[in-house]
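Enquirer: Dock chain V with the ligands against chain L, hints included.
Here the protein sequences line up with chains L and V, keeping their order.
All residue numbers for the first sequence refer to this note's numbering, where the first residue is 26 and numbers rise by one.
All residue numbers for the second sequence refer to this note's numbering, where the first residue is 5 and numbers rise by one.
Hints were generated in silico from the structure; no laboratory data involved.
Glycine included, every Cβ here is placed at the ideal spot set by N, Cα and C.
Among the hints, a few may not be true.
Some chain L residues close to chain V (C-beta under 8 Å, calculated; not the full set) [stated by the list, open to error]:
(1) Trp31
(2) Leu33
(3) Leu52
(4) Pro55
(5) Met59
(6) Leu67
(7) Pro90
Some chain V residues well away from chain L (every beta-carbon gap over 10 Å; in silico) [stated by the list, open to error]:
(8) Asp30
(9) Gly109
(10) Val156
(11) Ala200
(12) Ala307
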Amino acid sequence: MTTDGWPLWEVFVRSRRGLSHTHAGSLHAPDAEMALRNARDLYTRRMEGVSIWVVPSTAITASSPDEKDPFFEPSADKPYRHPTFYEIPDGVKHL
Amino acid sequence: MTTGTAETTATEGMTASQAALEAVFDAAVAADERIEPRDWMPDAYRAGLVRQIAQHAHSEIIGMQPEANWITRAPSLRRKAILMAKVQDEAGHGLYLYSAAETLGTSRDELLDKLHSGRQKYSSIFNYPTLTWADVGAIGWLVDGAAITNQVPLCRCSYGPYARAMVRVCKEESFHQRQGYEALLALSRGTEAQHAMAQDAVDRWWWPSLMMFGPPDDESTHSAQAMAWKIKRHSNDELRQRFVDIAAPQAESLGLTLPDPDLKWNEERGHYDFGPIDWDEFWNVLKGNGPCNEQRLSKRRKAHEDGAWVREAAAAYAGKHDGRHGNDNHGRDDAHGRHDEQHTHTHGEAGA
Ligand SMILES: [Fe+2]
Ligand SMILES: [Fe+2]
Numbered sequence: 026m027t028t029d030g031w032p033l034w035e036v037f038v039r040s041r042r043g044l045s046h047t048h049a050g051s052l053h054a055p056d057a058e059m060a061l062r063n064a065r066d067l068y069t070r071r072m073e074g075v076s077i078w079v080v081p082s083t084a085i086t087a088s089s090p091d092e093k094d095p096f097f098e099p100s101a102d103k104p105y106r107h108p109t110f111y112e113i114p115d116g117v118k119h120l
Numbered sequence: 005m006t007t008g009t010a011e012t013t014a015t016e017g018m019t020a021s022q023a024a025l026e027a028v029f030d031a032a033v034a035a036d037e038r039i040e041p042r043d044w045m046p047d048a049y050r051a052g053l054v055r056q057i058a059q060h061a062h063s064e065i066i067g068m069q070p071e072a073n074w075i076t077r078a079p080s081l082r083r084k085a086i087l088m089a090k091v092q093d094e095a096g097h098g099l100y101l102y103s104a105a106e107t108l109g110t111s112r113d114e115l116l117d118k119l120h121s122g123r124q125k126y127s128s129i130f131n132y133p134t135l136t137w138a139d140v141g142a143i144g145w146l147v148d149g150a151a152i153t154n155q156v157p158l159c160r161c162s163y164g165p166y167a168r169a170m171v172r173v174c175k176e177e178s179f180h181q182r183q184g185y186e187a188l189l190a191l192s193r194g195t196e197a198q199h200a201m202a203q204d205a206v207d208r209w210w211w212p213s214l215m216m217f218g219p220p221d222d223e224s225t226h227s228a229q230a231m232a233w234k235i236k237r238h239s240n241d242e243l244r245q246r247f248v249d250i251a252a253p254q255a256e257s258l259g260l261t262l263p264d265p266d267l268k269w270n271e272e273r274g275h276y277d278f279g280p281i282d283w284d285e286f287w288n289v290l291k292g293n294g295p296c297n298e299q300r301l302s303k304r305r306k307a308h309e310d311g312a313w314v315r316e317a318a319a320a321y322a323g324k325h326d327g328r329h330g331n332d333n334h335g336r337d338d339a340h341g342r343h344d345e346q347h348t349h350t351h352g353e354a355g356a
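Next up, chain L with everything else stripped away, as it sits in the complex (with noise of 0.2 Å):
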């Protein structure tokens, strides 16, 4: 009996109060339960978090692999999005 069978999960980790969740890894486990277990003794032996997350990593949607996709374009020429866009005369405080 092997492994195969076993879903494969990421691990989610929130490294203390006040931070979001970030990804650490992934493992192998039967079930969700078994997962959460493993994901402990794997990714926080030395108090790394205060909560995790285990996500069956067939549930991930992901966007196509290439960062030039079209799919980011319409970020990509709208420089006024950003503050430094903007021209303000020397000696305007606070701004």
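Expert: Quick look at chain V with the ligands alone, frame taken from chain L:
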């Protein structure tokens, strides 16, 4: 398969679009950007990484054995707790690395299979026995020390998941080396018999530790290509020299000597000179004739077989409760259907 052959084949059959993909890949490597799992990469890059990461993962889990051998006989509860934590870390390192390998399209089961059938190797250092308690100290100081020297530059490896696994591993390794050094120091400063035991362990582990960096540069088959692809950042000989330079003064502070009459500081080079390495021994151990090759592999196979019923039971339990966890949809509506093409797959690092 050598990387050379694969490359030639790839070049000959290359279409225009493949050339464009390769150009994007080369540019990313040249710009010191990371290659991520779903990027296009040359077949030989992928194969070379799988080979290296698998061997690294196997070394982590086989490496648990020589030290675990002393857990029940650790000289104090403190040392026992430390050793258990260290051996558990090595299991973790193996898992990080198997995950990294899986992002390249292989599976952990496949890799374990290759380890168990002897088709993939692990570091030959773990084919030496741990004869006394002092060996645990010597392993922590020298073997983990050599591993750190090897692994620190791998944190900047061009393949993202491997580099990230190495960052995690390196953070944990420094405790491994320090606990070993401390254990050896306690022995070295102890009774005459304890001091002799520490010296004996260092005498036995020093040369195999130097071999951990692999064959000399002019005999290393995979090195040049791995350096060009920025999988490796430094040559075997460079890293070996770096390790010797670090370890020699550490031995002095321990009050122990290193078993090399040629070891001495070379003012001109700014490095320690050291004597010739017995490469025949290295190749012989690698071929399977070391003192513990047989024992390590059969113990690993047995552990895997003995664990089969646990894996089966866990899978059966999960199957029984599938309806409960499996298909409830708690996802928010706006998280779905944003992109026509759905990319779901089972090799990890999905969106990375
Ligand atoms: Fe390790
Ligand atoms: Fe270690």
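Enquirer: A separate judgement is required for each hint: does it hold in the structure or not?
Expert: Right, here's what the structure says about each hint:
1. Trp31: holds, 7 Å
2. Leu33: holds, 5 Å
3. Leu52: Holds, because the Cβ-Cβ distance from Leu52 of chain L to chain V comes to roughly 7 Å (cut-off 8 Å).
4. Pro55: Holds, about 4 Å.
5. Met59: Since chain V brings a Cβ to about 6 Å from Met59 of chain L, closer than 8 Å, the hint holds.
6. Leu67: holds, 6 Å
7. Pro90: holds, 4 Å
8. Asp30: The claim stands: Asp30 of chain V keeps its Cβ more than 10 Å from every Cβ of chain L (closest is about 16 Å).
9. Gly109: Holds, since 13 Å exceeds 10 Å.
10. Val156: With a cut-off of 10 Å, Val156 of chain V remains clear of chain L, as the shortest Cβ separation is near 19 Å.
11. Ala200: holds, 35 Å
12. Ala307: holds, 14 Å
Hint compliance for this structure: every hint is met.
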